[in-house]
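J.: For this one, chain S is given, so just place chain F on it according to the hints.
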Amino acid sequence: MPAKILDGRKISAEIREELKGDARRLLERGIVPGLAGILVGEDPGSVTYVGLKKKACEEIGITEFMCKLPEKVTESELFSNIERLNKDPLVHGIFIQLPLPKHLSSCEDKALAAISPLKDVDGFHAENVGKAWLGQSAFVPAVAIALHEMLIRSGYKAKDKEVVIVPADNMTGKPFASIIVQDKENASANVTLCHLTTPNLASYTRRADILVVAVNRPKFITADMVKEGVIVLDFGSNFVEDPVTKKRKTVGDVDFDAVKEKAEAISPVPGGVGPMLVTMLMASTVWSAKRSAGII
Amino acid sequence: MTAEIIDGRKIAAEIQAELKQRIQRLATKGISPKLVTILVGEDPASLSYLRGIGRICGEVGVLTETAKLPANIVQSDLLIKIDELNKDTKVHGILLFLPLPKQLNTLEAESAISPLKDVDGTNPISAGKMLLGEETFFPSTPFGVQELLVRSGHSPEGKHVVIVGRSNIVGKPLIGILVQKQKGANATVTVCHTGTKNIAEITQQADILIAAMGKAKAITADMVRPGTIVIDVGVNFIPDPVTGKNKQVGDVDFEAVKEKAAAITPVPGGTGAVTSVMLMVNTVRAAEALTR
Chain S
1 MPAKILDGRK ISAEIREELK GDARRLLERG IVPGLAGILV GEDPGSVTYV GLKKKACEEI
61 GITEFMCKLP EKVTESELFS NIERLNKDPL VHGIFIQLPL PKHLSSCEDK ALAAISPLKD
121 VDGFHAENVG KAWLGQSAFV PAVAIALHEM LIRSGYKAKD KEVVIVPADN MTGKPFASII
181 VQDKENASAN VTLCHLTTPN LASYTRRADI LVVAVNRPKF ITADMVKEGV IVLDFGSNFV
241 EDPVTKKRKT VGDVDFDAVK EKAEAISPVP GGVGPMLVTM LMASTVWSAK RSAGII
Chain F
1 MTAEIIDGRK IAAEIQAELK QRIQRLATKG ISPKLVTILV GEDPASLSYL RGIGRICGEV
61 GVLTETAKLP ANIVQSDLLI KIDELNKDTK VHGILLFLPL PKQLNTLEAE SAISPLKDVD
121 GTNPISAGKM LLGEETFFPS TPFGVQELLV RSGHSPEGKH VVIVGRSNIV GKPLIGILVQ
181 KQKGANATVT VCHTGTKNIA EITQQADILI AAMGKAKAIT ADMVRPGTIV IDVGVNFIPD
241 PVTGKNKQVG DVDFEAVKEK AAAITPVPGG TGAVTSVMLM VNTVRAAEAL TR
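First to last, the sequence lines map onto chains S and F.
Okay, so the first sequence: first residue is 1 according to the numbering used here, each after it adds one.
Okay, so the second sequence: first residue is 1 according to the numbering used here, each after it adds one.
No lab work stands behind these hints, which were simulated from the structure alone.
Here are some chain F residues pointing at chain S (derived, C-beta under 8 Å):
hint, residue
1, Leu107
2, Pro124
3, Ile125
4, Ser126
5, Ala127
6, Gly128
7, Leu131
8, Glu134
9, Gly158
10, Lys172
11, Lys181
12, Thr188
13, Cys192
14, Thr196
15, Lys197
16, Ile202
All C-beta atoms in this analysis are idealised placements derived from N, C-alpha and C, irrespective of residue type, glycine included.
Looking at chain F on its own, in the form it has when it is part of the complex:
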């Protein structure tokens, strides 16, 4: 029996609609949520990400500006810019595009962003608060995974979640989010990785299996117990065997696993679609914090 396909685009659209209402309420109080992105140099992937952010800000109704800094900027000048944005009362969210040019200290720059405006959750203070269960901004991708689970009717509460992949961007924050004793969390969480020797034995224990390793089609049908909820966070580009063109696939062997899973997210159209809108959720929340 084929799995329920969890529609990330539909969930993203739901969230967007809710955000528009929240933004309207803020407008009546004279507040326009604003996200400022910092782009140092001209990294093509960052430029592409920037375009995506511009588009979604436009769709949702969040103001956005980009601080374009020269690739050869010195650390102290970058920190001055971040400090300026921290102090600007009209700026609610600050996003720093990575990677930064080699002469800059990324950790120091990320730590300089005020936790009240750290909408991408990259300041270690945000990561710490998240692990401690204190109020903070969650990074977009893991936040999106939680939203997707809850809104598709597969809340992780009381369930065994197995996360494959322990990166700082997805795996580790996801552990931090799902282990909290709160609604939409309160799961028993296991984390393993691509190097785990008996990985299939572990993945088969999952009620909810989250693949975040960055390895195309690494989760195969034999690794999945029938009836599992499978969430695919992988984004891999591989050549299509027929057309020869590069196409986007996840970490899960979709065609095979969908015959075993109870529900599964496709790539594209799954978690990726929700990730983009979570940055908007955080920016609106940052603006709403001013009204409290």
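Isolated chain S, as found in the complex:
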């Protein structure tokens, strides 16, 4: 029997409605969540992403403070803008749209570390990574929260389940492990962190009750690598040529047609976790506003 398809667009829309309600209630207390994005230059991909974030802010009731800096901006100008946003009480979240232009790429890590940990909505700052790992209140990267929300809102429990994550990277794998390993409601899983280089990887993935994959290799997870009834969360993104239509399309890391016959549930690519990312950034911004207001 084919798997339940986890609809990221639907879940995203649900969450946005809830966030609108949160924003309204905050407004009654005189608080408006504020999100500041720093965009350097005119890279088309970056401009598109920032546009999506702006639209989401408008939809939900978050004030957006987009900081557009020219391509040739100096390091000190970039840092003084970050400092200014750090100090602005109307700003609850700050993100830097990556990548930065070539002449600034060597200070990307420094720039991210310069964002106040209290406004680091992307959750990249070492202080937030550490606090989240230790089970303390902290920002967590949007993809990790998205994976978690998809699981919970689809009615799946993580407690005592074997969660297998490939790879154990800083962007997806470790942040998700950070959430799901905690001795908390909707977590408390038995977590296995694998690498692409893990010998005999299939022996680990076959044990998974919940499999999270983000290796960016098409058809990496085949049907023989999973057990019956697995829940597969696919965050892979691969641009391939469709064998029939010869057109280019996006697929995940999972051999979807084969695996869906074995899995209990599967997140498709596209239409799974991807559509949730901007929404979870908005959720982190609203959370930040609530936290600075002392509501949570």
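T.: Relative to the frame of chain S, chain F by itself:
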């Protein structure tokens, strides 16, 4: 066939000998590694730990001082003291004894220690850097486990490590250390805990099994596949059935498991012995960072 007994004391002695050489090299550059410990109040366990640190600093050749603060100190004064030590160029490592008296905010105090001097790795920034694979200080106990594995010839690279216990002090940092794509790490890591329903099924998968749950003799022979490397981080005090006196045992049922394991650490004399010297390793590293 009985397991190889991994001698933690021997490994600790090796590390100590190497440290003495490093300290001598620092002396030629006019640097004397110095660890300052902060003791608030008179908690007996902290006092005992303090004595242990004093002893090992003396053995290795690391200077140490204790900032003794009154039990009723206010948070702002504690933070001022930490700030003073952060700025003191002669101080290379800062260790805050826990628990702190109830009126103090432990998280805030730990976060105030400069990551460059956080030799116990308690600042969340240190924990974050560790998880991200950036250079930082590892907390003594998990750092010691890694050293013990590597130096006893049982490097975790490419192996399946199963950690039982997910505490902030041992289990979680250990995951962070062993999962890095670096020498002495690069393992596939599974973490479970004492509440895990099918725990024996999971522990039997391990090439290297690390017990860090704080539950005496909870790892029994049926939970271990023949040929596993067993590392016991547990420290439990139970009455000896013969003498009635309290004795130290680990989380592993040593007598039974040693008949199945390929190698095993005893308690005492295993990981505990190495833990004590890792704080010295971090302090010396902090001092060496000044020479770069």
